Amino acid sequence: MSAVLEEAPVTERTAHSGGATSATLDLALFEARRLLTRIPMLLAFAAYVAWIVWRTPKFEDGFPALQNADRATQSGPLLVGLAVMLCANHAVLRSQRHDTERHFGVLVLTPGRRTAAHVLSVVPAVLLVAVGVAGQFGWEALRPGAVGTGSVAELLVGPLLVLLFGAVGVLLARLIPSGFAVPMAIVLFFFLFFAGAVPTGTGERGTRWLAPVVGEMSSGAIPSDLMDRPAAWHALYLLGLGLTVGLLAVVAGGGRGWALKGAVAAALALAVTGGVAQTSGLPAKTVVARAAATNNPEKQQTCVNRDGSTYCSFPEWQPRTATWASVVRHVQSLAGGRAHTQPVLVRQRIYATDGLYSDGAIDPSANPYQVTVGTGWGGNRVPEFSAAVSSVLVAGSEKATGGMCDGRMVTAMWLALSWQPDPMRSLRDVRLDDSVTGSAIVLSPTDPLQMTAGQTDVVRELLAKPQQSVAAKVKAHWAELTAPKVTSARVAELLGVAAPKEADKCD
Amino acid sequence: MRLRGERGAGEVRSLVRELTLPVLRTLPWRALAAGGGLGLGLAGLLRLYGDSLAGWSALTLLRTAALAHALGLAFLLDDPARHTTAAVPTRRPLRTLLRVALVTPVTVLWWTAVVLLIPSDLRPPVGPVTLEAGAACALALAAGALAIRLTDEPRPGPSVAAALLFTAVVGPLSLPARWALLVFPQDKRWEASHERWGMVLAATVVVWVACLGEPVRRRRLFRRRTGSYVPSGH
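As given, the protein sequences belong to chains A and B, one line each in that order. If you're matching positions, the first sequence starts at 1167 in my numbering and goes up one per residue. If you're matching positions, the second sequence starts at 244 in my numbering and goes up one per residue.
Just chain A, same shape as in the assembly (with noise of 0.2 Å):
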């Protein structure tokens, strides 16, 4: 008996300076159980998965370029942030709505250390939200369609935000021990960052990017070097902000100390670095690389030959040549004459003057047999681009379609829809307003074409015979066809079709 008590002390102060740290971590487990099992967190995991798996397979119509991809998994986590900032207010508020304060006294857990427990609890929900992102990018990743390179530092974004959200609540409970606090916060958070109430002022960097998400105006895809979203310097100052917060939620719980001091200095010091460095100006390289990928993107491109033809694009969408080889060769089978086996350039060309700060038109190109195509695939986008090359074939160049107004644009939707799964359903995706007939606007990488009403109606009874008979008849008339000049109702009678009433106009 005499030796355990001779050796009690000795025990007592061990157990004392690592029981603290392991009761601290236990009860962060504790509190990360509950946390995650609290009605409002299932909901928003809920919410969240259901929001993946809505929105994940329609992400740019099935052809995702990945440095879009990366940021389109910011958003969803904010619905998790923002349960996660209730619950663990809730949490750290309930020794005072249960009136259990005065127990927790006697325990060997220091306010300080409660604090920090709860703020600990936030861990588990930021790495479920990790598991999340990652599910969702990797998802848009292994798509056949996918190209780009995605940034780890733009997935870090939804990760970071719950722990700050979490941080937040944490803080919030702390500084004001009361239920409102939190909503209210939510209620201002929303205000000033969704409702576009933050001055952001004008600049593509600048202010905007202290806003926990930063969106982009553009929806389009560029390459990812010319991008230059300072993203890695964001998820810096994210990171720094919710040590901070937690860290000052400890101080605010009672937590004392040199070491916790300068951990909040450093905190501070990592959210100041990001904040400041994410806000300097754009580099000039960039917008000097920017400015040759919209108006000589040659030097930046890789080339390969396909079929006769030459298919030039970003080396990030090299893998999408093939898809563009097989809308070129579906067209040139149809087209008779020299277009049948006519090589042509097909160029990937975008506007990245702005990044994506704003998108811009690109002139149609003055080549003979040049074709532009953009960054996007998948949906609209193919008849569009069936289109042009359709229309580039009957006309010779993008700048001679500009004026097509006359029977040639017939023959030129013609071979762009027929071959497709469903030409109608194309014909209605590739005008700009939707429709089958009247006259309308088509879309195209570069300008618009025009349809007019008569034209309409002979290409959509052109798409209601069988393809072969029409197409042997494209064939046989190849060169009256695609003469300048050539009026729609002549088309019409050469393809064996009722002839529109009224004359080409175009406005």
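Hints are computed from structural coordinates only; laboratory data are not their basis. Warning: the hint list may mix true and false statements.
Said to hold, decoys possible - Within a straight-line C-alpha distance of at most 20 Å, the following computed SDA-like cross-link-like pairs (lysine to any residue) qualify:
no.: 1; chain 1: A; residue 1: Lys1224; chain 2: B; residue 2: Ala420
no.: 2; chain 1: A; residue 1: Lys1671; chain 2: A; residue 2: Ser1601
no.: 3; chain 1: A; residue 1: Lys1667; chain 2: A; residue 2: Val1602
no.: 4; chain 1: B; residue 1: Lys431; chain 2: B; residue 2: Pro368
no.: 5; chain 1: A; residue 1: Lys1639; chain 2: A; residue 2: His1506
no.: 6; chain 1: A; residue 1: Lys1224; chain 2: B; residue 2: Ser417
Model, not experiment: these values are computed from the prediction.
Given the coordinates of chain A, work out where chain B should sit on it, guided by the hints.
Same frame as chain A, now just chain B:
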């Protein structure tokens, strides 16, 4: 009506007179002040610095203010002494109505102030926005009453506020476009959306009235298994 059937109108009046001051003191003034203050603060900022806050939409601001105030109202029925007061002769409908009656003039005054703080050239149509705000506040009150009716929690405020917030965030995102509630005056769905707001208000009031009474027995929606308490000395 049941109240009058049981006791005379005069008795109710004297009860109300006696209860007014204590109920006034127990109202969650801090939550209401926080909710109302947020809206007033934002509207005041718009008033003072309207030129440099060109991106702020007055309609969004009013909606935010209404949501913040509704979140404050979610705490209205919090009563730490709920289990004690459940047994008093004054019935819950009277006590609840008294609370609502005390907070209504404050709400009306506050809303008038917020609307007047918005510069007149930016102010959206006041009637429809007031309908939205009224529906949001009624939703908060009904959710609070429902929580009291269905659970045994003396202070359901934080949970009610969380549910309200969840609805406010997820609702507009998940409603199909033809049922949209949050539209702008330029939108051609503006009129139709306010018919829907009217329906929301009506349905909410019905739920609220149905939940006014004290639940007959204590019940818990989500029963947690608690450890068995062993008497001391065992």
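Checked hints:
Between lysine 1224 of chain A and alanine 420 of chain B, the direct Cα distance comes to roughly 18 Å. Compliance with the 20 Å bound is thereby established for this hinted pair. Proposed proximity of lysine 1671 of chain A and serine 1601 of chain A is supported: the alpha carbons are some 19 Å apart, at most 20 Å. Distance restraint check for lysine 1667 of chain A and valine 1602 of chain A: the Cα-Cα separation of roughly 18 Å lies within the 20 Å cut-off, and the hinted pair is therefore satisfied. With a CA separation close to 14 Å, the supplied pair lysine 431 of chain B and proline 368 of chain B stays within the 20 Å bound.
Taking the CA atoms of lysine 1639 of chain A and histidine 1506 of chain A, the gap is near 14 Å; set against the 20 Å cutoff, the hint holds. Distance restraint check for lysine 1224 of chain A and serine 417 of chain B: the Cα-Cα separation of roughly 16 Å lies within the 20 Å cut-off, and the hinted pair is therefore satisfied.
In summary, this structure violates none of the numbered hints.
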